[in-house]
Each structure stands twice: as C-alpha cells, then as structure tokens.
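Engineer: Chains as they are written, first to last, in this note's numbering: chain A, 8 to 328; chain B, 274 to 628.
Since the hints were made in silico from the structure, they are not lab data.
Be careful, since some hints might not be right.
[As the list claims (entries may be wrong)] To spell it out: a stretch of chain A is covered by chain B in this simulated footprint if at least three of its residues, at any positions, have a beta carbon under 8 Å from a beta carbon of chain B; those stretches are:
hint: 1; stretch: 87-100
hint: 2; stretch: 106-112
hint: 3; stretch: 312-322
Here the structure is a predicted model, which is why all the values come from computation and not from measurement.
In this text, a Cβ means the ideal position worked out from N, Cα and C, and glycines have one as well.
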Amino acid sequence: MSEQDGLLQVEDLKLHFRTRLGPVQAVDGVRFSLDRGPAMVVVGESGCGKSTLARAVLRLLPRNVHTYTGQVILNGTDVMKLGEERFRRRIRWVKMSLVAQAAMNSLNPVVKVGVQVAEPLLVHRQVGNKREALERAREAFRLVGVSTDFLERYPFELSGGMRQRVVLAMALIANPDLVFLDEPTSALDVLTQTNIMNVLKGIKRDLGMTFILITHDIATSSELADRAAVMYGGQLVELSDAGQFFTEPLHPYAERLMASVPTLREDRELDFIPGQPPSLLNPPTGCRFAERCPSRFEKCDEEPPFEDVGGGRWVKCWLHV
Amino acid sequence: MKISRYLIVRAIILFCTVVVAVYITVFIANMGGHMDQIRRDQIKFDVAQAVYADPGNMGVPTAELQRMINERAEMQYRRLGLDQPFIVRSVGYLTTALSLNLGRSEYLTSDTGSREVRRVITERLMPTLLLLGTAVILVFIVAVFVALALSRRYGSFVDRAVIALAPTSSAPGWFYGIFLILLFAAVLRVMPYGGMVQSPPPKEPLAYALSLLRHLALPVSAIFLGGVFGGIYSWRTFFLIYSSEDYVELARAKGLSSRRIQNRYILRPTLPTIITQFMLTIITLWMGAIVLETVFNWPGLGRLYLTAVNLSDTPIIVGTVVIYGYLLAGTVLLLDFIYAIVDPRIRVGKGGGSR
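One chain only, chain A, in its complex shape:
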C-alpha cells in the first residue's frame, strides 16, 4: 500500500439506509486502498453490499440515506468533503465512471446512443463542440468493438451485448482514472461475456485505466483481477493479490466461497456454506460470519480488526491476527 502510487483510499466508509424496520447497514466501515493500474475485483454473495460500496464511493445515493460517513481519498483529495456541485463538475465521470449493473436499462431509450456516449464530454467541457464530441464517441466505439454505424441508432435497435459495449464506451470516453464495473456481464451469454472481458483486458493493458470489478462470477473475474476483495455482510473481510487469493484464500468465508466455484478438471465435491448471510438491519456484534463459520471460537464474539497480515494481504479474522 504505497502512498505515492495510491489512486483511491477508502477509510471507514459507512452507508446506512433508513427503512421502516430501522437502519440497514449496507456498507459498514469499509477500508481499502488501491494503486493506479491494478484491477480490483470485489466478490461476495448477493446482498452483501458490493454494489452499494460502488455507489457510496461514486456518491450515487438513494433518497433514504441514514448515515453516509468516512473518507474517500482520490488522488490525494478527500472527495467526501466536496460540495455536490463541485463533486459533479470535478469528479463525476471525469475521474470516476460506472458501468452499471443492468446495461439493458442504462441507456435512455429516446436519445441516440452516440449522443449519449458523447454527452459527458460536452457537459464537462472536454471538447468545444458537438462534432468533436461525436468524433471522440466514434473512437470509443471502435475501442470497444462496436460498429460506428450504431452512433446514429437508438438503444432499442441494439442487442444486449452491443448495449453493454456502448455503456462501456460511455464509461471510458472521458478518460477517467477509475472505472467501476458493476456486474458488467451478468445478463449476457457466455460468448458475449468472454468477448467483453477480452475488451476489458485490452483496455486495461493499452490505456492503463484502473478498474474495480464487482461481481459474483468468480470464475470470469479471475481473468481480469490483480487484486481481490471479499465482502460479507456489508464489510470487507479479505483483500489480497488475486493470484494468492484464488489459490489460497485466508478468511474462512473466502475459503468456502472459493470452494463453491466449480472447476472443469478437478474432480471434487462442490462445497456450500450452511445458513444465511446476516441481516444487515441488526447485524451480530462480533464477527459477522461467526454463525456460519466452521472454525468459530470464543473470540469471535468480538469484532475482529481488518488488518495487514503480511504480504499485502488484509484479513478480518481472529484466526489470522
């Protein structure tokens, strides 16, 4: 975790939602940092707060926010301290962009896709006029492998894979430092998934953009990831180099999660984790995984710290302190 190369540093980020039953601790005290260059993958079960984490960093908040605190330090500035208008002008899309979960619905149905892709350039005054903006959109289309004929089309005229690529082109167009990819391929068939992952790999290699890939598809994500983070019950429980993580995860939950991934050649029983993820309405006070953990002991009633256990690996577990 070198300071000089640090792109993003998140400290004790909390995002709780107000509901009728009480506050939901969707993201609760998340802490990590990411250097420029390596891609990070965030994995975890549905409802563990992966997407909410991205929204918390990007400040895409719903109406029912209960608590929104912590630090998000991007290129050395704490963007949480910026006012809404300054955040919009200086950070949104030009520094951090997003490929949202449902690409099918990420495009405005009544605006031509070329205009939608070019729009951020005009809004953030990166180019002088619409013609230049469309020219850049054309380049972005080429980059993600969409025929430039589609610039003049409406979203309903594009297939799912095309739309996904267009959304990707839109995320790249303003040359942001950091791109959040929120399950970019989950709604697509395997071939299209592979295609898009290859496009992403190419962009990472050629443009040096930093990706944070949020997914529950561990197998596909291993293609792209340099760092891997595991989320459970609104918290990060492990953050490691991808290579180490995929072969030898440390946190008991991460271990079980990896054991549940099918592999083609190995002949072993698929494992599963008994029980349910904890309710984020009223999470347990100690380790949130304790209830389902096979190696639970007395100490697990207290909350474990999220600490560096050496070799750039961070684990939130008493077994590894």
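Starting from the known structure of chain A, fit chain B onto it as the hints suggest.
Structural biologist: Here is chain B on its own, set in the frame of chain A:
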C-alpha cells in the same frame, strides 16, 4: 419518410373508425331499417286517405281503388328511394352524413340565418375549438411542470398538499363553472356571466379580442380546475416511476446537471406515456363541453347539440355526432403525430433504423 408513412396509415385507420362509428349511428337512427317500414306505412296511409277522400273516385270498385293506392304508394317509394333495401340505402345515408351534406335543419338557424346544416355546425366549431384548445394546452403545460417539480420534492408538504387535492378532478369542469359564475359574476361582479363577447360586439379588433379574453377566462378556469390536479397526480406518479430508471442514475453518475437530467432523462422518456393518458383526458373533455358550454352560454358545438336534442332537430343532431367523430379522430391523429416525434421506437419502427 417513415414518419409520414406511419401517419398516413394512422389516418386511414382513424378514418375507417369514423366511418364505422357514423355507420353505426346511421343504423341506430334508422332502427336497423325499421324506420323505413314506418315511413312506408305512413306514406301508404297518406296515399290511401287521399284516394278515398277524392270525390272523383266515388263508385270505383274497391279492388280498383286498392290497385290505385298501391301504384301511387310505389311511386312515392321510388321517389324517396324507399323501394331499395335498407343496406343499399344506408350506404347513401353514410356518404351524406360523412360529407356533412345533411340538407336543411328543421328549426335551428345559423347567425346569418342560414338553415344549411353544414353552415350551422361549422359556425359553432371555432368557439368550441378556441375554448377547449386554450384550456387543454393550459392544463397540459401547468400539470406537466408542476408534476415534474413535485416528483423532485416527493413526500414534502407541498407534494402531499397538491396530491390531497387530486380528488377534486373527479368533478367535471362545469361543476366548478357554476361556482365561478356565482363568485365572480354574481357576487364580485367582475366577470361576465357567460357568452363569448359583449353585446353588441366591439368593432375594433383589439377591443374584440379583449372582450373575448374576458369571456374566456371563467370557462377556461373551470376546465382547468376540473382537470389540473388529477393530471398533476397521475403525471407525478409517472415521473417518479421513470426517475427510478437505471439510466437516470447513470446520468447522475455522468455528472449531468439536474436540469439536463430532468429534461432529457426524465421528461422525454415519460412523454409518450403522458401523451397517451392526456389523449383520453381530451376525449372526455369533448364530451364534458356539452354541459360546460350550456352553463357558460358559450356558442359552441356542445350547446348546439343540446339545443338540437331538445328541439328534436334530427339533421343537426346527426351532423353534430359526425363532427364530434371527426374532432375525436383529429385529436387522436394529432397526438399520434406528437407521439411519433417524442418516441423513436414509433418513428423508426422496430428493427429498422436505416435512412
């Protein structure tokens, strides 16, 4: 090019709808042909009376008289076209009705004293279009912008207050009209009771326009009050639904200003839905105009229709029904056109897109 083809197809379909509607009217008005039988019996009865009453026919044998009666009645049938089957005659009725070539009214006249049905009706068309057009445009613009503003302040006091007023739209415009007349004309005496211009009408165009505006204010307010809160309520709901779409959130992430998001990412995708609903509102307004114009003594189609019904002036009644059919079809066609402009899925057509 695609849009013109779409509109031509829509126009043809709508015209067919009007034709069917007018044919049904003709069919009902003639009791499915039974009316012909009644007229035929009436003619035969009249002819028989005339033949028996004729002194020259004294002493002629009954069989011979019967033959004469039949012969003359046949002649009358042929003269009136009653010898043809109803199906054939109904087509003739249909074409005269559609071309508004309905001949002369029985009692009502136009301002110029003409009894030609077409003239009586077209003279009343402009005032109705003026009144309803003004009101409808006003309701639309105000309701859309208030609804948009409220959808941003969803759950606030103003929002809940306006929504609480939504049931007021269950009463028709003329209901509010009565109270407006009572308040502004009878009690405060600042507005006229009704009519379209003061009497005698001012000679100068400017004074005429001012007088027209003064007379327009109350009926337009009545329609406005009767429609605006319901419109705000339902459109606000549409805006709320559409503002939770993923592309709105992405637009926010893109750093677009809230004004741009509102206009381009919420208003524009919602417009087709709003327009469809608005179309239904306009159609009920056309119907409500009959009472409203009577309440405000407005010289429009609605009042003409009511007067004609009271006087049993059949040509005028049929003519008004036909013109209402045309107006409804025209409204629908206009909105189809607007719909095509705001929604590329209609304009471009499914799977198309090349130009």
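Engineer: Hint by hint, say whether it matches the structure.
Structural biologist: Results of checking the hints against the structure:
no., hint, verdict
1, 87-100, "holds (count 5)"
2, 106-112, "holds (count 4)"
3, 312-322, "violated (count 0)"
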